[in-house]
Amino acid sequence: MTVEPTPLGAPTLELRGITKRFGALTANDHIDLEVRAGEIHCLLGENGAGKSTLMNVLYGLYRAEEGEILLDGEPQSFAGPGDAMRAGIGMVHQHFMLIPVFTVAENVLLGHERELGGLSGARQKVREISQRFGFHVDPDARIEDLPVGVQQRVEIIKALSQDAKVLVFDEPTAVLTPQETDELMAIMQQLRDEGTAIVFITHKLREVRAIADRITVIRLGKVVGQASPESSTTELASMMVGRAVELTVQKNPPVLTDNALVVSNLTVLDALGQKVVNDVSFTVRGGEVLCIAGVQGNGQTELTEAILGLQHRVTGSIDLNGNELIGDSVREVLDAGVGFVPEDRKVDGLVGDFSIAENLMLDRYSGAPFVRAGTVDREERDRFAAEKLESFDIRAQGIETPVGTLSGGNQQKVVLARELGRPLALFVASQPTRGLDVGSIEFVHSQIIATRDAGIPVIVVSTELDEVVGLADRIAVMYRGGIVGIVPADTSRDTLGLMMAGERVAGAPNPEPSKGAVA
Amino acid sequence: MTTQQPTAAQPHAETTQQPTAAQPHAETIELERAVVKHWKAPVSYAVLTLVALVLFVVASRDGSTTLRLASVGDFVALPDAVLPVRATGIVVVVLLAALTAVSTWLVATVRKQGFWLPLAFGVLFVVAFLVWAGADKMIPIPGLLFATVGLSVPLIFGAMGGVISERAGVVNIAIEAQLLSGAFSGAVIASSTGSAVLGILGAMLAGVLVSMVLAVFAIRYFVEQVIVGVVLNVLVVGLTNFLYSSVLTANPALNSPDRLPRIPIPGIETIPIIGPALFEHTVIVYAMFIIVPVIAWGLFKTTWGLRLRAIGEHPLAADTVGIKVNRLRFWNVALAGAVAGLGGAYFTLDTTGAFNREMTAGLGYIALAAVIFGQWHPLKATAAALLFGFASALQQTLGAIGSPVPSEFMLMLPYVITLLAVAGFIGQSRAPAASGKPYIKQ
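Residue numbers (the UniProt record's numbering), protein chains in the order written: chain A, 1 to 519; chain B, 1 to 442.
A couple of the hints might just be wrong.
Derived pair list, reagent style EDC-like, types lysine to aspartate or glutamate, alpha-carbon separation capped at 20 Å [to be verified]: (1) A:Lys222 x A:Glu235; (2) B:Lys324 x A:Asp83; (3) B:Lys301 x A:Asp140; (4) B:Lys441 x A:Glu65; (5) A:Lys204 x A:Glu464; (6) B:Lys301 x A:Glu115; (7) B:Lys324 x A:Glu115; (8) B:Lys441 x A:Asp83; (9) B:Lys324 x A:Glu113; (10) A:Lys222 x A:Glu65; (11) B:Lys40 x A:Asp270; (12) A:Lys165 x A:Asp72; (13) B:Lys37 x A:Asp270; (14) A:Lys222 x A:Glu68; (15) A:Lys165 x A:Glu155; (16) B:Lys137 x B:Asp62; (17) A:Lys204 x A:Asp182; (18) A:Lys251 x A:Asp466; (19) B:Lys301 x A:Glu113; (20) B:Lys301 x B:Glu313.
Covered, in the sense of this in silico footprint (three residues per stretch, anywhere, with C-beta under 8 Å from a C-beta of chain B), are these stretches of chain A [stated by the list, open to error]: (21) 81–89; (22) 108–119.
The set of hints was computed from the structure by calculation and includes no laboratory data.
Just so it is clear, the structure is predicted and the values come from calculations on it, not from any experiment.
Glycine is no exception: its CB is placed at the ideal position from the N, C-alpha and C atoms.
Make a model of the complete structure from these sequences and hints.
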């Protein structure tokens, strides 16, 4: 694949002084951006920096208060996404904009019934594009039956079927395996070489350096500058965050204790009788972090929920220090000393309309010292909350602030403060840093390592390979409900990537923690 | 009532990894399945067979029942079927037991239960019941079927309104209000103008107006749709009651529309049994014969249907391809109101010829049950509505010939069937994903 030098012609797309406010919050503050045909322009920024807002403005989903959009030098005014598409802007959304019960062709057809010439025309178009890029997408497959990697290709086909000149990829790799990510990048390069202007939105430095022709960094809604793709990850990270960032997690070798969670032959069925967790066995000893890696949706959620007692059709054994957890109620599991950070903090971790103080005692309603004779001891509660606010550095006006108004990082700190506030025998954290800014990620990681160093078994579920490699003492890779293998933390990314795609890798034994035992 | 038997692990087909960059991932994800046996169906059949045994054999009645199959004007006169009650009961119970055994065998060997099994079971049960209930009497089958179609008409129109609205993402509890307002305005407009056609149009307009209120509150102001629907139902009952007692009773001329003429379709109306049931009706019923398949075709084969289903499943995705979600929802809810309003006209312009207080009598709710029972599919919902209509017709017929079963039991039947359907006894129902959820743009 030959990569022609980027033609330094006039920009295809130009954003000038885009400003978008949500109430008091300025999500985009006079942002300028230009993208040329035949280049991949990376928009790099932290979670919450305003990248997606900017792209939603470009795509006509949001109206900007100020600024203008120019395509080939012509000012544009988009009342809705339809206008943006007609002008030649295509978007591959982070959360796919596909209708699950429709077929591929129906999704491509939707909204463009006349131009494509009905369903048969759409089918033909899907086949054409699919062939040109080697996508292997069946136009008559139903979206809900397709793996996410293929669903993303359908999104790309949708954009290409509208002859997009500018193609925006919004955090496209979040749901992909490393191999699928490589494939996506090859597709992006092919599109670039055919003259498409590509905007690639991400916060993953590795990907930026691999593929970008130009990089624009935004922070807190403002452009902080351009960076060269040759910049080091440290340089890019400090530019993105605004200060020097420690990218690696600081930790000492594990000191194992006798505490242990022993999961044997655990199988979880869903409502349809599918084995969402399939005969899983592993041991986590006190003092070590077992990271569960894998692409989203391969049974990690159900596995953690089974430990907490949220799943009902469970067979096998979950043994925590000699205490069988299967069959226990969630209350009993919590009382057994399980701390749990759910993967969706807004839905499962917190009650958004409740105050910080109320959220901090959600698990402590059943008795002293917070509840006496059926009434909440507000003084005790407030003292507890004030102490946690301080020790977990929760940035809020006070303990009465509703958690729904906090930033993602501060919300997660509330969850951590509550879950780490009990005497623990096991700590399970599911996607603990999803959607957080770098500062909060550092804080969460340090809390996880502190918990491990206190001699507690820790399970971290993460789909981010960087996080897995940084935190883990051992890594278990899940694929389609089963554990493909349990490997040491220094296993290469390529190997992990293959395992995430279901390959059993030769020479990847299942090391038991006793091998590295020091204590 | 389920047992789990983990199957032996199936060996995964080994795929050789190509070193090329773009390795296709076109295969679909299939998780291993545990074998789960659902004993609901065979257990229900067994219970019903037992009921049949007690009713039709143990408590059997003497004599025989005459099923009249012919009606006046058939091109070929079928003879009456005279069935001995006890023998029929025994034969049917044996057959029901056989079907139960088949169903048990199907579950035990993890096979699919076909659609024919519940159908055959139901038909057999109904036949035995008819014979049992009509001992020593005559049951006119063509009349029963004619009444079934007639009683189903408003249900079917209401269900079509429900299907359209819910597929577009707006829960339509207000079918009852649309039917009732259609009935009222159909009567008044047809009476005052002397034109049944204008009456029909007026009924549709009234349905549209009611549904527009629902649409505005649900789509524009994000009010909980179930609440708006229920409030509308109560409101329209109150409004029509008030207008009936304050205006219509004082001016009877406003409530005496010319009824639509029955137009037998020459030739096919003489087909025995089904001819009179289907082809001796007014234009409203014939319109229904056209509207139902048109909606079914439109929903699944046209741009209108594609967009309608899209906004009911994933409105944001529809928005991102340039579809004006809320505008489209609004007009489709209005369309749903027009269809249901037409069903309302049937009450005053076809059957009774005058408006009466609360004359829809909760049929809107049964239509809603038909929507759910029919899995939001126009044809299945129509079948469900016909089933409910049959239950009502049966109740009327048995009441007329004086049967041993209290007619109230027959009236309960549609609701019992709906409960069973919703509880998942008769196939899984999956509602449109975004039904009832307002689409709020930033």
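Here is what the structure says about each hint:
1. In summary, the hint linking A:Lys222 to A:Glu235 is supported, as the alpha carbons are separated by about 18 Å, within the 20 Å threshold.
2. Of the supplied pair hints, the one linking B:Lys324 and A:Asp83 holds, its CA atoms being roughly 12 Å apart against a limit of 20 Å.
3. At most 20 Å may separate the alpha-carbon atoms for a hinted pair to count; B:Lys301 and A:Asp140 meet this at roughly 15 Å.
4. As the CA atoms of B:Lys441 and A:Glu65 are separated by approximately 16 Å, the hinted pair is consistent with the 20 Å bound.
5. For the suggested pair A:Lys204 and A:Glu464, the alpha carbons sit about 10 Å apart, so the restraint of at most 20 Å is met.
6. For the given pair, B:Lys301 sits about 17 Å from A:Glu115 by alpha-carbon distance, which is consistent with the 20 Å threshold.
7. A threshold of 20 Å between alpha carbons decides the hint, and for B:Lys324 with A:Glu115 the separation of about 18 Å falls inside it, so the pair holds.
8. About 16 Å separates the Cα atoms of B:Lys441 and A:Asp83, which keeps this hinted pair within 20 Å; it holds.
9. Proposed proximity of B:Lys324 and A:Glu113 is supported: the alpha carbons are some 15 Å apart, at most 20 Å.
10. Among the hinted pairs, A:Lys222 with A:Glu65 is consistent with the structure: their alpha-carbon atoms are about 15 Å apart, no more than 20 Å.
11. Under the criterion of a C-alpha separation no larger than 20 Å, the hint pairing B:Lys40 with A:Asp270 is consistent with the structure, at around 18 Å.
12. As the CA atoms of A:Lys165 and A:Asp72 are separated by approximately 10 Å, the hinted pair is consistent with the 20 Å bound.
13. About 14 Å separates the Cα atoms of B:Lys37 and A:Asp270, which keeps this hinted pair within 20 Å; it holds.
14. Distance check on the hinted pair: A:Lys222 and A:Glu68 sit about 16 Å apart at the alpha-carbon level, within 20 Å; holds.
15. Under the criterion of a C-alpha separation no larger than 20 Å, the hint pairing A:Lys165 with A:Glu155 is consistent with the structure, at around 15 Å.
16. As the CA atoms of B:Lys137 and B:Asp62 are separated by approximately 11 Å, the hinted pair is consistent with the 20 Å bound.
17. A hinted pair counts as satisfied when its Cα atoms are at most 20 Å apart, and A:Lys204 with A:Asp182 qualifies at roughly 14 Å.
18. Annotation: proposed proximity of A:Lys251 to A:Asp466 holds, straight-line Cα distance about 15 Å (limit 20 Å).
19. Taken as a hint, the B:Lys301 and A:Glu113 pair is honoured in the structure, with Cα atoms around 11 Å apart against an allowance of 20 Å.
20. Our distance criterion of 20 Å between C-alpha atoms is met by B:Lys301 and B:Glu313, whose separation comes to about 17 Å.
21. Coverage of a stretch by a chain is defined here by at least three residues with a beta carbon nearer than 8 Å to that chain's beta carbons; for the region 81–89 of chain A and chain B the count is 5, and the condition holds.
22. With 6 residues carrying a beta carbon less than 8 Å from a beta carbon of chain B, the region 108–119 of chain A meets the three-residue requirement, and the given coverage holds.
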